Each structure stands twice: as structure tokens, then as C-alpha cells.
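The lines below spell out each chain.
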Amino acid sequence: MSPIQTVIVDDEALARGVLREMLAAHADVEIAAECGNGFEAVKVVSEMRPDLVLLDIQMPKLDGFEVLELIASDVTVIFVTAYDQYAIRAFEVHAVDYLLKPFSPERLAEALDRARARIAAKEQVPDGLVAAGRARQTPLERILIRDRADVHVIPVDKIDYLESQDDYVSVKASGKSFLKEQTLAELETLLDEDVFVRIHRRYILNIARLSRIELAVKDNRIAILADGSKLPISRSGYARLKELLK
Amino acid sequence: MHPILSDRRRLALYLLGWLPIGLLLTAGLSARASWPTAAALLLPLSIVFAFMSLNAGYLCRVFPIDARATLWRTLIVQVVAAAMVSALWIAIGEMWVRALTFIAPDLPVGVVFAERRLLLFVIGALLFWLASILHYLLIAFEASQQAERRAIELSLLTRDAELKALRAQIDPHFLFNSLHSISALTTVDPAAARRMCLLLADFLRETLRLGANNRISLADEFALADRFLEIERVRLGSRLQVTRETDPQATACLVPPLLIQPLVENAVVHGVSQLIEGGTIRIAASRGGPTLTIRVENPCDPDRPRRQRAGLGLDLLKKRVVTQFGAEGTVLVEEDGGCFRVEVRIPAEVAA
Numbered sequence: 477m478s479p480i481q482t483v484i485v486d487d488e489a490l491a492r493g494v495l496r497e498m499l500a501a502h503a504d505v506e507i508a509a510e511c512g513n514g515f516e517a518v519k520v521v522s523e524m525r526p527d528l529v530l531l532d533i534q535m536p537k538l539d540g541f542e543v544l545e546l547i548a549s550d551v552t553v554i555f556v557t558a559y560d561q562y563a564i565r566a567f568e569v570h571a572v573d574y575l576l577k578p579f580s581p582e583r584l585a586e587a588l589d590r591a592r593a594r595i596a597a598k599e600q601v602p603d604g605l606v607a608a609g610r611a612r613q614t615p616l617e618r619i620l621i622r623d624r625a626d627v628h629v630i631p632v633d634k635i636d637y638l639e640s641q642d643d644y645v646s647v648k649a650s651g652k653s654f655l656k657e658q659t660l661a662e663l664e665t666l667l668d669e670d671v672f673v674r675i676h677r678r679y680i681l682n683i684a685r686l687s688r689i690e691l692a693v694k695d696n697r698i699a700i701l702a703d704g705s706k707l708p709i710s711r712s713g714y715a716r717l718k719e720l721l722k
Numbered sequence: 046m047h048p049i050l051s052d053r054r055r056l057a058l059y060l061l062g063w064l065p066i067g068l069l070l071t072a073g074l075s076a077r078a079s080w081p082t083a084a085a086l087l088l089p090l091s092i093v094f095a096f097m098s099l100n101a102g103y104l105c106r107v108f109p110i111d112a113r114a115t116l117w118r119t120l121i122v123q124v125v126a127a128a129m130v131s132a133l134w135i136a137i138g139e140m141w142v143r144a145l146t147f148i149a150p151d152l153p154v155g156v157v158f159a160e161r162r163l164l165l166f167v168i169g170a171l172l173f174w175l176a177s178i179l180h181y182l183l184i185a186f187e188a189s190q191q192a193e194r195r196a197i198e199l200s201l202l203t204r205d206a207e208l209k210a211l212r213a214q215i216d217p218h219f220l221f222n223s224l225h226s227i228s229a230l231t232t233v234d235p236a237a238a239r240r241m242c243l244l245l246a247d248f249l250r251e252t253l254r255l256g257a258n259n260r261i262s263l264a265d266e267f268a269l270a271d272r273f274l275e276i277e278r279v280r281l282g283s284r285l286q287v288t289r290e291t292d293p294q295a296t297a298c299l300v301p302p303l304l305i306q307p308l309v310e311n312a313v314v315h316g317v318s319q320l321i322e323g324g325t326i327r328i329a330a331s332r333g334g335p336t337l338t339i340r341v342e343n344p345c346d347p348d349r350p351r352r353q354r355a356g357l358g359l360d361l362l363k364k365r366v367v368t369q370f371g372a373e374g375t376v377l378v379e380e381d382g383g384c385f386r387v388e389v390r391i392p393a394e395v396a397a
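Protein chains in written order, with the working numbering: chain V, 477 to 722; chain W, 46 to 397.
Please note: incorrect hints may appear among the correct ones.
[As the list claims (entries may be wrong)] Some chain W residues judged to face chain V by a derived CB distance under 10 Å, without partners named:
#1 Phe219
#2 Leu281
#3 Thr291
#4 Pro293
#5 Pro350
Hints in this document: simulated from the structure, not taken from any laboratory. Quantities reported herein were computed from a predicted structural model and do not represent experimental measurements. By construction, the Cβ of each residue, glycine as well, lies at the ideal position given by its N, Cα and C atoms.
Can you make the complete structure from the sequences, with help from the hints?
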């Protein structure tokens, strides 16, 4: 049997050290990489496709859940944290175990046994479930986008508008656009409905960016944004916009 | 409790107050009768009425003048009570007159009393109302005193509770993370593990000890922060840097305990530890005349999720500064770009 390729993710060197030390007792576990932050973790995990990730939750920039959202769902995850309040959410995103710091070598061995069983069964977590765990944090405060190995974190208040492109959403923020693998309808349910409004089948607008509304042809309105860009407004979109501006 | 009978000093003052009334009544009557006649008749009766009027105290308790009571009912009760007490007084007067005629038959008390009976009845009723007003005033005075006392007790209790809350404020995650660091160090560097244990014990003990004081020196507060930062440095390594600018005049000042510690904790938990490269926490304290200024500044991630922003600790700090220093204390919180800054200004106090 091939060894279990494992990646350790923790922003604290000592915490990585204790895992490395305890994992040495398990011959079938091979440490493929260690990451000191979430960005590195996303990059390393998507490149190496390890079997197991030992993932800290409280990390700078990207927390453990955000890392999980951005990496492939076929990797088995054990969360390692000093915070007990995330346990429920951790199991909702199908983590095999949840280790509370400080933990004993026995407790880690138990978690590894579960991971071995999960890996042997080649159980895969349906994509929807990961998203469901994520959905608890609504309204969304930032949108995470993986562009190959790079990760962009876009705070929602920096977003100008979102444009649907089939199964993707193009996120326009500060003059740049980023492609996210998610449908516009899905994103719409996650965004703050007092700020973001679906003005058209293909567009969601950040209301703070709206400069004025122009009447193009009869019953055909156009939203002019602060930076001058123009977006079409559908009839039902106009009704929603009016409701929000009231 | 009766507002006058319950206090011997008050009762004495009350009876003393009746002396001029008795004399006044006597003087009023002496226009008609001789001095001895008026005095023999009215001085004892005044003293009797003084005691009778004490009944107003019970009446005032049962029919208080406050928002809940109906005013007209209280008025009717007072009118009826005054009439009854005064009538009883006149009856007692009647008996006293008979007794006097028996003891000193040459004094014409009987005639004088018969002539002035109605007037005395009216005066008696008025005096009873006067007594009622006095009792109402005393009751109100007692109530306000009691409210004041309760307010003081309450503020003492709140301060006590606040300190307990402060001492309980030691973040459990800080403890768990520290214990995890110790667990990691035990095999790699046992000496460092022991040092960390001692630091942690020191920090906990000092937090409890300082929290029990009303005021501590800023130097003590900073020493506590140093221990905390040293523990966090074991965990965060070179990501955590600290600089401090203080002048000895400032560190000699007295501050409420654990005033700065939450700021330093925030600077680590919500600031430096949320940055991949870490950063430098700048702590400064200076004294300008009557004002002590303490500033804690840290780099932060401007894009961090809102829920990670420091809230509770800062609110508590603001509340403490307001309750302890009123308008003389200010807490200024600023964030621009990637820099978070809290400035606390309080009156500079030094140990006597």
C-alpha cells in the first residue's frame, strides 16, 4: 500500500513541529509538505493533490474553511485548532476529525485511523456539501477566487458588479475582473441583499456603485455606474432596484 | 417605620417645634383671657396634639403621594382624618377644661374654651395638615436618601463585578495555544518548555493579583503586557515584534488595572497574528501636564472579515474609562490603511 501523502497547514512553527513529531510514529504517513499560511496551502494542495491535510483554522488572510473551499474536495481533512466553536461547521464540510489543541499522540492516532478508513473507502465529498458548510457564514464578507495556484480575496464592498458567464461568474472589482466557478444564482443567495441587487438575468449590481439610471428605449433602462460602465436593467430587475432604493 | 417616632433626635426636634405653636396659640387667646388662663388651657393641649399629629405619619405611609396614588383619594382621607383628630382633640380639651375647673376653680377656662371651640377645631385641623406635610417631606427625604445609598451600593457592586469579569477575561484560546506550544517544546527544547510554563504561571498570577487593586502603576501594567507578549512570541516567533516609547513620568502614573492589557491582546490576536509576515506593535506612553496618554498601534489586515474585528474588548475599555474618569477620559480608535491605533487619555494620577 502506498503511503498516505500528508500536508500540514499551520501558521505556527511549533504547532507544525508537534504534528511532524507525532506523525513520525506512523510509518504509513508521509509528510509531503508543510505550509505556514492559507495561500501556500491552496497552492501546494492543488498542485500535489495529497491524500490528507491537517488543517489549522485560525490563520492569517485565509482561514481553514476558506482553504477547504478553494481546494479540491477529494482530499481528506482533519482540522486542528484551539477553538472548539467550529466543530459543527467542520463536520458539515465533511472533515474526518476535529483535533483540539493541545492533543495527545493517542488522539491524533484515532484521527488518523478515521482518515485511513475514509481514504481506503475513497469516499468523496459532494461539492454541494462543502458549499453548504460555507453558506452558514452569510452574508458573504469576501469572495475567494482561485486562479490556478494564486488566490484572490475580494472583500464584497470592493465589488462593482457580477456578471454571469454560464457556469462561471465574472467578478468586477477595482477595474479588474476575476472568474469564479459558481453560478450567479448561487452567489446571489450568499450576498447581502441590502447591497447587492439582481438587475438583470446576467448581472448583480453593488448598489453603492450606481450613479444613475437612464431610459434607453421605451421600457428599456440602463444603469450607469460611478466609473462610467453601463449595464442593462431588465423589467423585473428595475422593480427590485426601485424596491431597494425606496 | 414611622418617619419621626423611629428616631429619638427627630422626635425631640418635632416636639420642640410644637413649643412656639403652643405659645402662639396661648398668645392668641390671651387677648380674651388672662395669660395664666390661656397657658393653663392651651400649653398642655398643644403637647397632646403634638402626639396626636404623629398619627399623620402612619396615614402618609398608607396614602403616599406618588405616581400610582390617586390624588383626590389622598385629599379626602386627609380632610376626614384632620376633622376626626381635631374633633377628638376638642373632646380631650373639654375633659381638660372640666379637670381644670376642678383643680383651679378661679380660672375662667370653661367660658373661654366654649367661646373659642370652633376656632380651635379649625386650627387643629390646619395643624394636622401641617404635620401631614412634614411627614410627607420626611418620607420623601428618606426615600431619596435610600435611593442614593442604593445607587452607591450598586456602583460598588458593578465595579466589583467588572473586575471579576476582567479577571475572567483571560482568553481560553490563549491558554490552549500556549499549552500546545508547551506540548510541542517538551521534546524539542525542554528548557524552553519549562520557561514557557513559568511565564504562563507568572502571567496568570499577575493578572489575578493586579486585577484585585483599584489602581496600579502603568509600569506594572506594562510589565504584565511584557509577559503576555513574551508568551505570544514563543508561538508567533519573529512575526511578533514590539517597540515601546515611554517616559518615566508616564510609567509612574496610576491607572485602573488591566486597562492596557486588552489593547495589547487585541493587537496580537486581531492584528499581527492575522498577517502572514507579522508586524510590529508600537506601545507609547507620555505625560503632558495633567494628562496621561497611552497609545497602542499595530499593523492589521484591512481586508479581514468584519467578524474578526475587535469589538467587545474595546467596548469594555471605553465603558471603564467613562465610568472611572467621566468627561476627562477619552478613548480614540482609528484605522487607516493597514494600521490600527487606539489612544487612551486619562487624568495623570501619581501615588501620594
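> Should the hint that Leu281 of chain W touches chain V count as held when the rule is a Cβ pair under 10 Å?
Replying inline: Constraint on Leu281 of chain W satisfied, holds at 7 Å.
>> Please check whether Pro350 of chain W passes as an interface residue: C-beta within 10 Å of a C-beta belonging to chain V.
In response: Where the cut-off is 10 Å and the nearest Cβ of chain V is about 5 Å from Pro350 of chain W, the hint holds.
> Going by Cβ atoms only, is Pro293 of chain W closer than 10 Å to chain V?
Replying inline: violated, 36 Å
> Taking the closest Cβ pair, is Phe219 of chain W under 10 Å from chain V?
Replying inline: Holds - the Cβ of Phe219 of chain W comes within 10 Å of chain V, reaching about 9 Å at its closest.
>> Let's test the interface hint: is any C-beta of chain V closer than 10 Å to that of Thr291 of chain W?
In response: It is violated, given that the least Cβ distance between Thr291 of chain W and chain V is near 29 Å, above 10 Å.
This entry does not satisfy hints 3, 4, going by the numbered hints stated previously.
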